[in-house]
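Asker: The lines below spell out each chain.
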Amino acid sequence: MRSAIFFLIAVVVAAIVFACALAINNDYVFFAGYTVLQFIVLATAWNILGGYTGYVNFGSAAFFALGAYSSVFLHKFYPMPIPVLIIIAAVISGLVGLGMGYLTLRLRGAFFAIATLALAVVLQTLIVNWNYVGGSRGAYVVRPATIAFLGNYVHYLFLLMLGLAVIALTVARTIEHSSLGYGFATIRDDELAAEASGVPTLRLKLIATTISGALMGMAGAPFPYYIGYLQPSSAFGLEYAVNSIAMPIIGGTATWLGPLIGAIVLGSLQQYVTVTISSSVNVLIVGLLLVVFVVIAPNGIVGLVQSILRRRRYERKPA
Amino acid sequence: MFSPELAVNALVAGVLLGGFYAAVTIGISISFGILDIVNIAHPAFIILGSYIAYILNAQFGIDPIIAAIIALPAFYALGAAIYQVYHVAFEMRGREALSGLAFFFGLLFITEVLLILVFGVDYRYVQASYVDQSINIGFINLPKRMLIPCLISILMFVALQLFLSRTFIGRAITAVAQDQLALRLMAASPTRIKRIAFAISIATASLAGAFLIIIQPVEPSVGREYIGRVFAICVLGGLGSLPGTIIAAMLLGIAESFTSTFYGPSWAPAVSFGILLLTLAFRPAGLLGR
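First to last, the protein sequences are chains A and B. Per the numbering used here, the very first residue in the first sequence carries number 1; after that it's consecutive. Per the numbering used here, the very first residue in the second sequence carries number 1001; after that it's consecutive.
Rather than coming from a laboratory, the hints here were simulated on the basis of the structure. Quantities reported herein were computed from a predicted structural model and do not represent experimental measurements. Glycine included, every Cβ here is placed at the ideal spot set by N, Cα and C. Among the hints, a few may not be true.
Claimed, not checked - Quick partial rundown of chain B residues pointing at chain A, CB under 7 Å, derived from the structure:
1. L1101
2. A1102
3. V1113
Required output: the full structure, derived from the provided sequences and hints.
Answerer: Written as structure tokens, this is what we have:
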């Protein structure tokens, strides 16, 4: 029930965001906003596995690209509306996540991380060698200029991503407050003890990888329409792998709020840096922030704010 | 299409490539295999080694391998410094799993992007008398730019294996993975031993980097191709086993060499992943794993 209320609030907030963007009436706002929203989905998806269960996924770019390329394939094979493509991408990426998890999650945590890292390289190899979806040359996906009801197609893409962000955040928050979330937390805190107490750890981890992978694929599905020309190096770009890890860790991995804050702060900062300086400086800043935060503030922005509030409450008490 | 000459040459090329892969992996074998530190930034340090060899070679005309040996102490110090940060920030707080991984992931990107900002994305290469020579025995072709790294790499393995099995510090390093308390009772500080071991693992990146730039032109993001390979080799060989690492490196080298000879080089990166997944699925302990 509380999830339903959260969902409604999120929808209202999303509607306000969309109305504001329409009011500003500048296409750049929609382009930049789309990217930030996409990172909200990716960061939230990463956090469901990484933050809740403590298993690090380095292959976010692979799942994202899987979604993007399933769209390219279907676009060539039999064009369908984007919402359908998103659902198909979710199924494909979710299944890949499940398979990856099944092979590696029975072992120590590091193996999963390494396997996901390698998955990105291999999927990229497959795509580069697969001519139907453009191979190494890339593929053009011409988006229609307009769409029914909304008019501007970019507005439509922005609205879709806004919807995905609402879905991702609702899923994350629902998990957090359900028995599933408590199960995830036991895995993160002490997997051996959880296993011994009868928590079905493997099944829970597989659920987490599947949900996380599916959400990442969903984030990737509209991407070819957004960018217009998709090549392997952009779909498997560095920024997806590094951002989807950096954003939750900088924001705070314990709650759904952390990735949201991290994605908004870092995403906006990057839009600014990319426009004013350059995109490689952009990755450098994210890398530096990531290292600084894990060393100095491992609980992220949310953790910092919480500890400041707690200290203030503690100081007020004696008075 | 298939001829015995081609197959023999692919086999020889694979063994030579494997020798080089062994040098690339040995650092991970020590840090991940023995110390349980998942240093995924290792390939980035290897690229750093390549660039240092490149600078010393281009500026002063020093042979790349000599250049790498000159740079060894600097890499050793870098490794010791990184371990110190890692130890204070993660090991002491018991946060190695998530934060430690993210830390090395961040280092990977910082190193790579700094190299891009300083050197750009152009391919760099080194000059040395042996780079474009080769020895021919019958129809077998042995390019020196592969042969020399392979031989020095095997030498490095023998030296490290002797160090680990014969010296006090070497034995302490193997012990640190097994029983830290017992080590402390032997009056050796586990932290100090681990710092030495991690520093050695990073120092090997200097040599591996020089080998890499002798074998092929290098640009900053080349390192990422090696992440999958090194961990595949490390896992296939059995964690912490140096002989296992060298056997696994040769096997992967041969598998990749055959793949690129008979199917095309663009498929080679997928081989290591296939091997990694098969190993994890069927024999997670690796070939010579404990």
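Asker: Compare the structure with each hint and give your call.
Answerer: Tested hints:
1. L1101: Given a least distance of 5 Å, the restraint on L1101 of chain B holds.
2. A1102: Holds, because the Cβ-Cβ distance from A1102 of chain B to chain A comes to roughly 5 Å (cut-off 7 Å).
3. V1113: 4 Å, holds
In summary, this structure violates none of the numbered hints.
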